[in-house]
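Trainee: Residue-level listing of the chains:
2 protein chains.
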Amino acid sequence: MLDQVRNDVAARVQAHLEAEIGRYGGVVAEAMAYASRGGKRLRALFVMEGARLHGVAPDHAIWPAAAIEALHAYSLVHDDLPCMDDDDERRGMPTVHKQWDYATAVLAGDALQTLAFELVTDGRGHPDGAVRADLALTLARAAGAGGMVLGQAMDIAAETADSPLTLAQITALQAGKTGALITWSACAGPLMARDDTGAMKTYGDCVGLAFQIADDVLDVEGDADMVGKAVGKDAAAGKATFVSLLGLDAAKRRAADLVTEACDALSAYGGEAETLRQAARFVIARDS
Amino acid sequence: MLDQVRNDVAARVQAHLEAEIGRYGGVVAEAMAYASRGGKRLRALFVMEGARLHGVAPDHAIWPAAAIEALHAYSLVHDDLPCMDDDDERRGMPTVHKQWDYATAVLAGDALQTLAFELVTDGRGHPDGAVRADLALTLARAAGAGGMVLGQAMDIAAETADSPLTLAQITALQAGKTGALITWSACAGPLMARDDTGAMKTYGDCVGLAFQIADDVLDVEGDADMVGKAVGKDAAAGKATFVSLLGLDAAKRRAADLVTEACDALSAYGGEAETLRQAARFVIARDS
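Heads up: the sequence lines are chains A and B, in that order. Count along the first sequence starting at 1, add 435, and that's the number in my numbering. Count along the second sequence starting at 1, add 435, and that's the number in my numbering.
Extracted from the complex, chain A is given alone in its bound form:
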């Protein structure tokens, strides 16, 4: 069931982003389209499923769903830049600054962020302007200097810090860097319905943290399987991770507990929330 829903959401988001970016011309628009292809589209799935649970029409929900994927794509393009993580590949393809150049990557990321705010406030989306404004406001708070950018800055600072981060610090870092946007995705549905966001916020918070712990586990186990060494690139770089701080088994248990907590938070939705429960389990069971 999850795969079917995820494929449907992915196809719909892809078509939406292509149509919207297609209104623009030039090399930056090409780079924007390139950077926003592929990915697991989990954030969009959280928006669409949250909307469905709260009776919001898919035609309204697709706008914030596409927006969060545009914003996520912007964050990846800038994170990959030489001055940040300096990555040459993303999703098996050259990163934007390798495929084009540094300036195009900065501009494509900039314009993808702008596009996200254009999409959530477009009048063809949710009919209530106050809802559109709130989507933009909450998205900005999740993405900006108190959310994702703060997490990214903490991550960069940690690389040159004298001592590795503590568990509290790495939890705060990840709550910003990846958690804030995942929680926003989960809350967008009830927000559009003007319903209470409490249950979906708990779900998003737990899934976001579980997602990052699973990433750290993958960094160790993925590498171990593939290249036969006991630890992955984060540990090799002396970087604190949930695995280095908790140990592998405790990290896996913590992620599993968070998934249970995420699923429990959905109890009021009953069987209707089964796709979101499957998505939470997928987050810690994925192999990439």
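Among the clues, some could well be false.
[Stated by the list, open to error] A few chain B residues that don't get close to chain A, going by computed Cβ distances all over 12 Å:
{"no.": "1", "residue": "Val440"}
{"no.": "2", "residue": "Thr539"}
{"no.": "3", "residue": "Asp557"}
{"no.": "4", "residue": "Ala578"}
{"no.": "5", "residue": "Ser598"}
{"no.": "6", "residue": "Thr601"}
{"no.": "7", "residue": "Leu602"}
{"no.": "8", "residue": "Asp650"}
{"no.": "9", "residue": "Ala675"}
{"no.": "10", "residue": "Leu683"}
{"no.": "11", "residue": "Ala685"}
{"no.": "12", "residue": "Thr695"}
{"no.": "13", "residue": "Ser702"}
{"no.": "14", "residue": "Gln713"}
[What the hints assert, rightly or not] Cβ-Cβ distance ranges computed for the label pairs, FRET-style:
{"no.": "15", "chain 1": "B", "residue 1": "Pro562", "chain 2": "A", "residue 2": "Ser702", "range": "36 to 42 Å"}
{"no.": "16", "chain 1": "B", "residue 1": "Leu683", "chain 2": "A", "residue 2": "Arg458", "range": "35 to 41 Å"}
{"no.": "17", "chain 1": "A", "residue 1": "Ala593", "chain 2": "B", "residue 2": "Lys636", "range": "44 to 50 Å"}
{"no.": "18", "chain 1": "B", "residue 1": "Thr601", "chain 2": "A", "residue 2": "Pro517", "range": "33 to 39 Å"}
{"no.": "19", "chain 1": "B", "residue 1": "Lys475", "chain 2": "A", "residue 2": "Ala685", "range": "53 to 59 Å"}
{"no.": "20", "chain 1": "B", "residue 1": "Ala592", "chain 2": "A", "residue 2": "Gly706", "range": "53 to 59 Å"}
{"no.": "21", "chain 1": "B", "residue 1": "Leu683", "chain 2": "A", "residue 2": "Ala593", "range": "51 to 57 Å"}
[As the list claims (entries may be wrong)] Here are some, though not all, of the chain A residues that point toward chain B, as calculated from beta-carbon distances under 8 Å:
{"no.": "22", "residue": "Arg458"}
{"no.": "23", "residue": "Leu542"}
{"no.": "24", "residue": "Ala546"}
{"no.": "25", "residue": "Gln548"}
{"no.": "26", "residue": "Arg567"}
{"no.": "27", "residue": "Leu572"}
{"no.": "28", "residue": "Ala588"}
{"no.": "29", "residue": "Ile591"}
{"no.": "30", "residue": "Thr595"}
FYI, nobody ran anything at the bench for these hints, they're computed from the structure. For glycine and all other residues, C-beta sits at the position ideal for the given N, C-alpha and C.
Use these hints to put chain B onto chain A, whose structure you have.
Mentor: Leaving out everything else, chain B in the frame of chain A:
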């Protein structure tokens, strides 16, 4: 009169941005505050005066006024990056990537853009949520891949093009790079009042283009006065400018005509629009 109003607007915008950025901590927030200090604050002035002419309270107008200055600051921080214009100084101070580093400049610019959308959609601003959403939507259209970013991309492409730009191309480039945000600033007032934006749009379009022509004139005459050479850095770099395409005298006449057109567009406002007329004249009379 203009100086008094401009000083008042500048002080108010400065206080507003400091308070909002002050909610955040860390080095990125410091760089954001640094980058958003100073400047002529003309865009904020256009917002505040346009709002006054349309009966919008200053307490509501200050939000988009601060937002447009945050967005402008973001564009300057990223334009100054080594991969773009590679400038070491801005407003007589080290640019953000010189004062801190490349990554901090990318992140501070990113977060300043986010902040702009946070400010226009904040519920403490205009009481009508639909107005706040429209402010964000129109700002995104002006700033993104069909507006400012497009203009910047055209500017970068022009540097390595085989032939200099034509007058039509350079007009399109500047309409995106600087014009779109100036026009948005002029239109924000009537937009908040749900009034027709026609007159202010003409004003903004004309002032934006006059501003850029004046910049090109300054590049020639400013340099000539200071260092005794006949042409400035743009001409030395073989870059097409309004001056290189039209000639110095014709460029000045064109700018003066645009200012007249801008002032004429305000006729329905009568004497109430005198500050905006002075601002239009200032744009081509300034010495920096």
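Trainee: Against the structure shown, which of the earlier numbered hints fail to hold, in ascending order?
Mentor: 2, 3, 4 and 30
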